[in-house]
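Let chain L serve as the given structure and place chain C on it in line with the hints.
Number of protein chains: 2
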Amino acid sequence: MKLVEGGVCAAKGFRANGLHCGIRKNKIKKDLALIVSDVPAAAAAVYTTNLVKGAPLLVTKKHLANGVAQAVICNSGNANTCNANGVEIAEHMSELVAEVAGVKVDDVVVASTGVIGQPLDITPIRKAMPQLVAGLSYDHLGARAAAEAIITTDTVAKEVAVEFEIGGKVCHLGGIAKGSGMIHPNMATMLVFITTDVKISAAMLQKALSTDVQKTFNMVSIDGDTSTNDTVAVLANGLAGNDEIVAEGADFEIFMKALNTVTVQLCRLLAGDGEGATKLLECKVTGAACSKCAGTVAKSVICSSLLKSAMFGADANWGRVLCAIGYSGAAVDIDRIDVAFRSAKGTVEVCKNGAGVEFSEEKAKEILLENEIEILVSLGDGAGEATAWGCDLTYDYVKINGDYRT
Amino acid sequence: MKLVEGGVCAAKGFRANGLHCGIRKNKIKKDLALIVSDVPAAAAAVYTTNLVKGAPLLVTKKHLANGVAQAVICNSGNANTCNANGVEIAEHMSELVAEVAGVKVDDVVVASTGVIGQPLDITPIRKAMPQLVAGLSYDHLGARAAAEAIITTDTVAKEVAVEFEIGGKVCHLGGIAKGSGMIHPNMATMLVFITTDVKISAAMLQKALSTDVQKTFNMVSIDGDTSTNDTVAVLANGLAGNDEIVAEGADFEIFMKALNTVTVQLCRLLAGDGEGATKLLECKVTGAACSKCAGTVAKSVICSSLLKSAMFGADANWGRVLCAIGYSGAAVDIDRIDVAFRSAKGTVEVCKNGAGVEFSEEKAKEILLENEIEILVSLGDGAGEATAWGCDLTYDYVKINGDYRT
Chain L
6 MKLVEGGVCA
16 AKGFRANGLH
26 CGIRKNKIKK
36 DLALIVSDVP
46 AAAAAVYTTN
56 LVKGAPLLVT
66 KKHLANGVAQ
76 AVICNSGNAN
86 TCNANGVEIA
96 EHMSELVAEV
106 AGVKVDDVVV
116 ASTGVIGQPL
126 DITPIRKAMP
136 QLVAGLSYDH
146 LGARAAAEAI
156 ITTDTVAKEV
166 AVEFEIGGKV
176 CHLGGIAKGS
186 GMIHPNMATM
196 LVFITTDVKI
206 SAAMLQKALS
216 TDVQKTFNMV
226 SIDGDTSTND
236 TVAVLANGLA
246 GNDEIVAEGA
256 DFEIFMKALN
266 TVTVQLCRLL
276 AGDGEGATKL
286 LECKVTGAAC
296 SKCAGTVAKS
306 VICSSLLKSA
316 MFGADANWGR
326 VLCAIGYSGA
336 AVDIDRIDVA
346 FRSAKGTVEV
356 CKNGAGVEFS
366 EEKAKEILLE
376 NEIEILVSLG
386 DGAGEATAWG
396 CDLTYDYVKI
406 NGDYRT
Chain C
6 MKLVEGGVCA
16 AKGFRANGLH
26 CGIRKNKIKK
36 DLALIVSDVP
46 AAAAAVYTTN
56 LVKGAPLLVT
66 KKHLANGVAQ
76 AVICNSGNAN
86 TCNANGVEIA
96 EHMSELVAEV
106 AGVKVDDVVV
116 ASTGVIGQPL
126 DITPIRKAMP
136 QLVAGLSYDH
146 LGARAAAEAI
156 ITTDTVAKEV
166 AVEFEIGGKV
176 CHLGGIAKGS
186 GMIHPNMATM
196 LVFITTDVKI
206 SAAMLQKALS
216 TDVQKTFNMV
226 SIDGDTSTND
236 TVAVLANGLA
246 GNDEIVAEGA
256 DFEIFMKALN
266 TVTVQLCRLL
276 AGDGEGATKL
286 LECKVTGAAC
296 SKCAGTVAKS
306 VICSSLLKSA
316 MFGADANWGR
326 VLCAIGYSGA
336 AVDIDRIDVA
346 FRSAKGTVEV
356 CKNGAGVEFS
366 EEKAKEILLE
376 NEIEILVSLG
386 DGAGEATAWG
396 CDLTYDYVKI
406 NGDYRT
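Chains as they are written, first to last, in this note's numbering: chain L, 6 to 411; chain C, 6 to 411.
Chain L on its own, in the form it takes in the complex:
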């Protein structure tokens, strides 16, 4: 399993492109991305659980009903959500891709991210489509352009890819992601598009994705607000030439590992680049009665506004970790909890068996001033483990989300 360049173009037979078409006012920011596979691909997706769902999700869900897709179109700058004509516009986007890129309209994944409740004008998308399709490329520049076109207030484009072997065939799997915030911010929509040349049935692809997101994207929180447009979609075009994966087994395990390697890295990138964030927080829970309990505890800790603020201030305020564990809803024995903070500068134990231990505030400060902090929680109840990813709460989070619309 080795990391490689190329993002969504690392896998054979995928081309990508991104450009500025005019949805966003800032002309140096790309706002339209397209990914196309040379051949129809097995496809799987997971969507937001928010009852308010962006129109693109409804259209994508319909298109993916048969487990096949060949292209992904995504705009930033407008979520196309809570608009009377949203579904119509999302269908129109698919039709434009179908016409110009020569794929079936039902094989297009559509996604949008941006402000809610403002009609999305199809005109700039229609005008840009020929150029967008003409510029599709198989190399890392195309992948990069697509990665750049889906981000909003993200400070960096996010792409990861790996190379691995299944049955002697060289395979690839790569993804791009956008995190929290927009230039005209509204929802911290998370979008992830993953491509692979592995040959795998749509059913097994969906199984792999649905299993993986529980331990990866569902364990990320920037601000506790579940967007209306969250979408993670995977396209597997089979061009690696491996024997099709149609059941569990060694090949499926390798595929799951490749998928997880990419998704964990994307989670870290998303959390570390949360709106206003200065630090990546990684809460690692061990010794839980079950892995679900471990996940509940880990997520509660990284969602605590008080702990997030303390991390911004590099304050080893471990009482907030215990508090968040206590209200998480998981059944834990408070008197067996150990807590430590760890970073590149070392580890400091702050709580043993539910009570404070003496520690050097100076050493703790040095550790917490780093920009990647691990919060290590040991519950002493069993063998369940989980990791959750978050970020600190900063002045800039408030600024980004309070100062924009006026």
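Derived by calculation from the structure, the hints in this document are not laboratory data. Do not rely on the hints blindly, as some may be mistaken.
Chain copies aren't distinguished; within one or between two, either way the pair holds.
Stated by the list, open to error - Pairs of lysine to aspartate or glutamate, DMTMM-like flavour, derived with a Cα cap of 25 Å: (1) K357 x E371; (2) K404 x E377; (3) K404 x E375; (4) K66 x D338; (5) K66 x D340; (6) K370 x D401; (7) K404 x E249; (8) K289 x E367; (9) K32 x D343; (10) K357 x D126; (11) K368 x E379; (12) K67 x E379; (13) K30 x E366; (14) K350 x E363; (15) K297 x E379; (16) K30 x D340; (17) K357 x E93; (18) K404 x E366; (19) K30 x E367; (20) K212 x D338; (21) K67 x D248; (22) K66 x D248; (23) K67 x D340; (24) K7 x E104.
Chain C alone, transformed into the frame defined by chain L:
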């Protein structure tokens, strides 16, 4: 039902006092409060649901097992939580009150608020007890001193009292509360102490309190972090001379109304004075399928970090209201939701039937620049109603909680 002065001393036969004993470093901040009834009172309480519970809660719970109390002792500056000797210290506090004020040790309610995991020294409390008891007074100055001694980073002391009649007898009910933050901040502990001279059985008092908190204190959120020390306690000493309330009926209804009048006002004071807050947010949900659904929706809206940030920026970003309704977990029909913002400057409708309506951004800004904002949500699903109270998310919230310990 008329508002009167006097806080916890408005009811007959209650004396109170507060002073600085030395738990807090800042000598101008009081840190020890005492409330004493002339006679043993029926008592009821509700506590945090956090699995990590402050030692004082365990002791109070034991003392209130028989439904009788005569005094409340409360310190600020230290939560006496996650300390090996916490229960012992809380018992010791009760014993000191019993000795010096002449009440039974089992009739003392004990509470603490402040930093977690630092042993609480009994010495300053022991030394101050004679002076604290000697200074107990029946007038509003005593009540005020107690109200001041339980607050931490609250910017104002919080007290409310009402006068009403039951069976021709003049009755009183008053309360004090502390909200979020500490001078050495850790948990946004909420403490509320209510006194009344109404004669009511402990069982009916507990019933009244448990019913009321569902619609009042449980509908307040400053930052989503449930403290380890939250406590609401009511003492009813019966000195008003009414026929004892031992069952539901007209008298109980009047008592419930008096209680609710005081608790709603305390909720508004708590939310409006949340850490760093510049605005009180009041989300009023109507037309829900049930009142539980209404409560779920209202609380989800006032807990959204994105909406709280938008309110700080006076931004009519209603998509965030819909988003928070959508992920609340309540079953609602998105296409029937109406949303409006209201303040002393007027009302602006921003969403009808789940989609945006045109509105004046200028008028919306004027409305949202006020410091008390109502978010009106109409669901169109039934007759369920609920109100939740919160505050905006500001730079100062981050500052208060990130900058302190070092």
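Original post:
For the identical chains here, do K404 and E377 meet the 25 Å Cα criterion within one copy, between copies, both, or neither?
Top reply: Both, since 23 Å and 21 Å are each at most 25 Å.
**OP:** Evaluate K67 and D340 at a C-alpha cut-off of 25 Å and name the case that applies: within, between, both or neither.
**Re:** between (50 Å within a copy, 20 Å between copies)
**OP:** Tell me, please, which holds for K7 and E104 at an alpha-carbon limit of 25 Å: within, between, both or neither?
**Re:** Answer is neither; intra-copy 37 Å and inter-copy 72 Å both fail.
**OP:** If the cutoff is 25 Å on CA atoms, where do K66 and D248 land: within, between, both or neither? Let me know, please.
**Re:** neither (28 Å within a copy, 65 Å between copies)
Original post:
Between K404 and E366, at a C-alpha cutoff of 25 Å, which is it: within one copy, between copies, both, or neither?
Top reply: between (30 Å within a copy, 19 Å between copies)
**OP:** Since the copies are identical, ignore which copy is meant and state whether K289 and E367 lie within 25 Å (CA to CA) inside a copy, between copies, both or neither.
**Re:** within (23 Å within a copy, 47 Å between copies)
Original post:
When no copy is specified for K67 and D248, does a C-alpha distance of 25 Å or less occur within a copy, between copies, both, or neither?
Top reply: neither (28 Å within a copy, 67 Å between copies)
Original post:
Under a CA distance limit of 25 Å, which applies to K357 and E371: within one copy, between copies, both, or neither?
Top reply: For K357 and E371, the Cα distance is within 25 Å only inside one copy (21 Å; across copies 52 Å).
Original post:
Taking 25 Å as the upper bound on the Cα-Cα distance, should K350 and E363 be classified as within, between, both, or neither?
Top reply: within (19 Å within a copy, 54 Å between copies)
Original post:
For the identical chains here, do K404 and E375 meet the 25 Å Cα criterion within one copy, between copies, both, or neither?
Top reply: Result: close both inside a copy and across copies, 23 Å intra and 19 Å inter.
**OP:** Could you place K32 and D343 in one of the four classes (within, between, both, neither) given a Cα distance threshold of 25 Å?
**Re:** neither (51 Å within a copy, 35 Å between copies)
**OP:** Up to 25 Å between alpha-carbons, please classify K370 paired with D401: within, between, both or neither.
**Re:** both (22 Å within a copy, 22 Å between copies)
Comparing the model with each numbered hint stated earlier shows that hints 7, 9, 12, 16, 20, 21, 22, 24 do not hold.
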